[in-house]
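All chains should be built: construct the whole structure from the sequences, respecting the hints.
Protein chains: 2
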Amino acid sequence: MSATSPPWAIPLDAASALPVYMQVAQGLEQRIVSGDLRRGSALPAERELAAGLHVSRVTVRQALALLAQQGLLTRKHGSGTFVTPPTPEERPSRTLGLLSSFSDDVRSRGQTPGARVLGFEHTRPSPQEAMSLALSPGEKVYRVRRLRTSDGEPLAVEDSTLPAALVGRLGHADVTDASLYALLATRGLNPVRAIRHLRAVSADLTLAELLGLAPGAALLATERVSWTRGGRPVEYARAHYRGDRYDFVMELHGDGE
Amino acid sequence: MSATSPPWAIPLDAASALPVYMQVAQGLEQRIVSGDLRRGSALPAERELAAGLHVSRVTVRQALALLAQQGLLTRKHGSGTFVTPPTPEERPSRTLGLLSSFSDDVRSRGQTPGARVLGFEHTRPSPQEAMSLALSPGEKVYRVRRLRTSDGEPLAVEDSTLPAALVGRLGHADVTDASLYALLATRGLNPVRAIRHLRAVSADLTLAELLGLAPGAALLATERVSWTRGGRPVEYARAHYRGDRYDFVMELHGDGE
DNA sequence: TAGTGGTCTAGACCACGTC
DNA sequence: ACGTGGTCTAGACCACTAA
Numbered sequence: 001m002s003a004t005s006p007p008w009a010i011p012l013d014a015a016s017a018l019p020v021y022m023q024v025a026q027g028l029e030q031r032i033v034s035g036d037l038r039r040g041s042a043l044p045a046e047r048e049l050a051a052g053l054h055v056s057r058v059t060v061r062q063a064l065a066l067l068a069q070q071g072l073l074t075r076k077h078g079s080g081t082f083v084t085p086p087t088p089e090e091r092p093s094r095t096l097g098l099l100s101s102f103s104d105d106v107r108s109r110g111q112t113p114g115a116r117v118l119g120f121e122h123t124r125p126s127p128q129e130a131m132s133l134a135l136s137p138g139e140k141v142y143r144v145r146r147l148r149t150s151d152g153e154p155l156a157v158e159d160s161t162l163p164a165a166l167v168g169r170l171g172h173a174d175v176t177d178a179s180l181y182a183l184l185a186t187r188g189l190n191p192v193r194a195i196r197h198l199r200a201v202s203a204d205l206t207l208a209e210l211l212g213l214a215p216g217a218a219l220l221a222t223e224r225v226s227w228t229r230g231g232r233p234v235e236y237a238r239a240h241y242r243g244d245r246y247d248f249v250m251e252l253h254g255d256g257e
Numbered sequence: 001m002s003a004t005s006p007p008w009a010i011p012l013d014a015a016s017a018l019p020v021y022m023q024v025a026q027g028l029e030q031r032i033v034s035g036d037l038r039r040g041s042a043l044p045a046e047r048e049l050a051a052g053l054h055v056s057r058v059t060v061r062q063a064l065a066l067l068a069q070q071g072l073l074t075r076k077h078g079s080g081t082f083v084t085p086p087t088p089e090e091r092p093s094r095t096l097g098l099l100s101s102f103s104d105d106v107r108s109r110g111q112t113p114g115a116r117v118l119g120f121e122h123t124r125p126s127p128q129e130a131m132s133l134a135l136s137p138g139e140k141v142y143r144v145r146r147l148r149t150s151d152g153e154p155l156a157v158e159d160s161t162l163p164a165a166l167v168g169r170l171g172h173a174d175v176t177d178a179s180l181y182a183l184l185a186t187r188g189l190n191p192v193r194a195i196r197h198l199r200a201v202s203a204d205l206t207l208a209e210l211l212g213l214a215p216g217a218a219l220l221a222t223e224r225v226s227w228t229r230g231g232r233p234v235e236y237a238r239a240h241y242r243g244d245r246y247d248f249v250m251e252l253h254g255d256g257e
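Sequences listed follow chains A and B, in order. First residue of the first sequence: 1, per full-length UniProt numbering; consecutive thereafter. First residue of the second sequence: 1, per full-length UniProt numbering; consecutive thereafter.
It is worth saying that the hints were derived from the structure and are not from the lab. As the structure is a prediction and not an experimental result, all values here were calculated from the model. Since no wrong hints were added, every one of them can be taken at face value.
Note: identical chains are not told apart, hence a pair may lie in one copy or across any two.
In silico lysine to any residue, SDA-like type, Cα no more than 25 Å apart, as pairs:
{"#": "1", "residue 1": "76", "residue 2": "18"}
{"#": "2", "residue 1": "140", "residue 2": "33"}
{"#": "3", "residue 1": "76", "residue 2": "16"}
{"#": "4", "residue 1": "76", "residue 2": "17"}
{"#": "5", "residue 1": "140", "residue 2": "129"}
{"#": "6", "residue 1": "76", "residue 2": "15"}
{"#": "7", "residue 1": "76", "residue 2": "22"}
{"#": "8", "residue 1": "76", "residue 2": "21"}
{"#": "9", "residue 1": "76", "residue 2": "20"}
{"#": "10", "residue 1": "76", "residue 2": "42"}
{"#": "11", "residue 1": "140", "residue 2": "34"}
Given below as structure tokens:
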């Protein structure tokens, strides 16, 4: 007798309105959250799953891709597919409301901040940059793209734009250190106020590559404009943080009622 | 002569280390951002693209999926694939730092907030809920899942948990209106302080369905605990906002230096 | 070397929109 | 009725990991 039902069988209904790959994903997700599949344990190979469920390997992969993107599964090329272990790495936290630098944040958690300069330009601003920094026509900017790391692990890609006329001469060597805010401080340009936007986006090929993620992974995107005490914009920064390793924390208060 | 190079040809290198579908995605992305493909215009059909590029339709679809997830392309079943028009809908903004409700936020932008109750329970808390609300063992909670809308459009899924003993008797009818904070206020339980976490996650099948998104879309996930003036936790809320329609805004200040 | 996931093919049929 | 994207198949070969 050839029993064709493996122990991890998932009930599939070909006539259902729900596509088969979603049914497979739901079935696996249920076994994961119920603890049926232990954290860190390996799933059957894709070909084995396909054969056992009587579906094609493509369909199985479509299901696994869904769960991998949510972080429930971790796929390792040449090795296997595993149920993601619980909190494999501590998730850093940043307390907002106060104007602090990336470097200080990372240090306050006992980790070592780092930065790798990916690009350094002295050019004309984009329309977006010109508007955010209130630049007069023709005024040039410094633009720096850096990979921010914590204990050597990629955490964010940050693009900073500074008005050249305001900050004075800047060289590639000036931005290799971790903190741009510290650099500004030495020139008497401490930011005292900033407005920051946060939203969620999917990683494109470039960001995914830099951050060591799969394309399409969820990222926390921020956009920030900082002003000096005199009310002059000194920095326009856009950053993309890994959604799986970073979370922002803030404290909110009522209106004093 | 049969020239096999359509006007939208993309240079492909089969020997490249970069997979073909990524090359296709990059090529299309470049034509989109360069304005070569106008916003709102339709792309060639998948079968046509595949034939023109001499690759399989599966490979083309893999490339289109990448760009669609980033929001560059919009796919319409039965109709076609289009370059996403610029800001098809105004992106709402929420100013943080002040303790305000979802309803007030939406109203302050001139839109109409709404809520559809998806679930209402009176049960024992999860370990996570019990810890966040500082509940004594055995104490029960009300749990409400609501779909929050703006002008009728799904914007977020919010799961709120309230200590039953503190808020008093609650019925399904009490939570059908938009504002839970307003309800608490009528019982003398105005929150005056809250801590909120923000991070980015990928939509699972359930959230994608509720918010009208493709599975895997980027969501802004928030977690919030609110306290009354007396320091008692009154609400533990988890919300998932559409990444493409919502962005958080906050103002930051220096430490008074 | 053997097994795994990653990529790719050339089809097929279904579900949806539009005409 | 027709064209579109959505799903699914049964293979194939490559790239990586581990024994």
